[in-house]
Amino acid sequence: MNGIVTASGETIEPFGRSLFERASERSLSRVGVVDVGSNSIRMVVFDGAARSPAYFYNEKVMAGLGQGLASTGRLNPEGVQRGMVALRRFAALAEGMGIRPLTCVATAAVREAEDGPAFRKAVEKETGLKLHVIEGEEEARLSAQGVLLGWPDAKGLVCDIGGNSMELAEVADGRVGRRITTPLGPFRLQQVKGGASGLRDHIRSAIEAAAARLGRGHEQIYLVGGSWRAIARLDMERVGYPMTVLHEYRMSPQAVEDTVKWISGKSVQDMRAITGISQSRMELVPLASLVLRQLVQSLAPKSLAVSSYGIREGLLYEQMPSGLRSRDPLIEAARFAERQMARMPGFGKKLYHFLEPLFADFPPERDRLIRAACLLHDTTWRTHPDYRADACFDNVTRANMAALSHPERVFLGLSLLHRYKNSRANSPMAPLFALLSEKEIRYAEVLGKAMRFGAMFSVKDPAEAGTLKLMAKKKKLELKLSRIGRALLGEVAEARFRALAAALDLEPVVTPAD
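The sequence shown begins at 581 in our numbering and counts up by one.
Hint data in this document are derived by calculation from the structure and do not stem from the laboratory.
Each hint should be verified, as a subset may be incorrect.
[Unchecked claim] The list that follows gives simulated cross-link-like pairs (lysine to aspartate or glutamate, EDC-like), each with its CA atoms no further than 16 Å apart:
no.	residue 1	residue 2
1	LYS1001	ASP966
2	LYS1055	GLU1087
3	LYS929	GLU912
4	LYS846	GLU817
5	LYS1049	GLU1087
6	LYS735	ASP753
7	LYS710	GLU675
8	LYS1060	GLU1044
9	LYS1049	ASP941
10	LYS1060	GLU936
11	LYS929	ASP1041
12	LYS1019	ASP1085
13	LYS1049	GLU936
14	LYS1001	ASP974
Everything numeric in this text was worked out from a predicted model, so none of it was measured.
Taking the hints into account, I'd like the entire structure generated from these sequences.
Take a look at the structure:
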């Protein structure tokens, strides 16, 4: 594909030089990407080309360019008109935002249609946007890189379904391996002859061929694409799942089987009423569900996970140097939030080190969540005091953060809730607590009350005011004050220290400075 900055550093138009050459560009650059797919056309503007970029702007039009392509060989005329209107708008929006160049890629529909080249020329003439057509395997690679943006440790298969094709790619150790493209997009499946049995045979044959090339029994299949997300949303409704964030939503093979069967008994209108998903998207779900069931049967994954990241994020990831790729997206997002929204940027790291003696009993995998919580502990201070606890919980559980499972979202949110509030009784967020074990709930409460005390104890650096020592055998929590700390340990701070000790089932002990 033209237009990529390769891992070796070779620069190929349309990206030009890397966006990460200078720190000022890393923090200030806004990166615009347009993905012209067979079903939808989407423009995304990333606010800063950082490891965990924020979505400054995101707009989608369900143009349906590839509808009917399999039978006519040409782009859908109505889709061409709708697509041109959308691209004209996107070009104007990019100009208004000062984004140049706007990187535009086109996939299966434009790639395969006999009038695809004419469409590209018309788009460039009318809008100034240059569509870069990518091949199927390149599409698979970019989608896989999008998954790596969100899951640095992803291991398994990435499966990206579009309107006219479905791509699969191996991911492991931060790299993309073998990849293939298949003719299994719902638009193409609409043209398969032979009725229901012919359709099932066609899907089975294509996926068995893919399994022969990519293997079976993968730990995880990462699902990319609007049709997969719609199915996942329906699965949430079927089981009464308490959270509606789709990114990192997990399904077992049995859950997929049950949901596909459940979908077969619902009309498109029934499913739309349940989820609010558009008519054009939901009409493709029954066909996509048949593909998903066969994926599970043929590839035998242990689990399936939904990814909101795909080609667009893969294009951004393409430009990241290895040093930036290796960073934890969660910590980078939390650092960015602290820098933008906290009263005392930089305090979160000091708070973490002050509280570190309390966390020896915490599982090692919780350390990154503790760090993130400390960075985020003061980012909702502008919210009305009566609503801060619920606001910070809501912000984290619904935030567009990567490398954060649903239970981890709830753990982080609950710890921040307790940073502002001692009790979680009667919380409107209570249904989500069910995603955690009782032990995890206790850990989150301890972390929250620890941050609640530490943030009150000192606004500069709590380590300068005192040190904490957890004496498990003596059942005591000691706060050893420095001379500065003697003045800082007022009535409110001492009450919070006692609440922290109570959460740990320890006796609070305050030792004054010599």
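Has the given pair, LYS846 with GLU817, been kept, meaning a C-alpha gap of at most 16 Å? Distance ~13 Å between LYS846 and GLU817 Cα, so the pair holds.
Does the alpha-carbon distance linking LYS1055 and GLU1087 stay inside the 16 Å limit? Measuring from Cα to Cα gives roughly 6 Å; hence the hint holds.
Hinted pair LYS1049 and GLU936, Cα distance within 16 Å: holds (10 Å)
For the pair supplied as a hint, LYS1049 and GLU1087, confirm whether the alpha-carbon distance does not exceed 16 Å. holds (12 Å)
Is it true that the CA of LYS1001 sits at most 16 Å from the CA of ASP974? holds (14 Å)
Given the hint that LYS929 pairs with GLU912, does the C-alpha gap stay at or below 16 Å? Roughly 13 Å separates the two Cα atoms, so the pair holds.
Starting from LYS710, check that the Cα of GLU675 is at most 16 Å away, please. holds (15 Å)
Between LYS929 and ASP1041, is the straight-line Cα distance small enough, at 16 Å or below? holds (10 Å)
Between LYS1019 and ASP1085, is the straight-line Cα distance small enough, at 16 Å or below? Roughly 14 Å separates the two Cα atoms, so the pair holds.
16 Å Cα cutoff - pair LYS1060, GLU1044: holds (11 Å)
Given the hinted pair LYS735 and ASP753, is their Cα-Cα distance within 16 Å? Roughly 7 Å between the alpha carbons, so the hint for LYS735 and ASP753 holds.
Are LYS1049 and ASP941 close enough, with their CA atoms no more than 16 Å apart? Distance ~13 Å between LYS1049 and ASP941 Cα, so the pair holds.
Against the hints set out earlier in the document, no violation occurs for any number.
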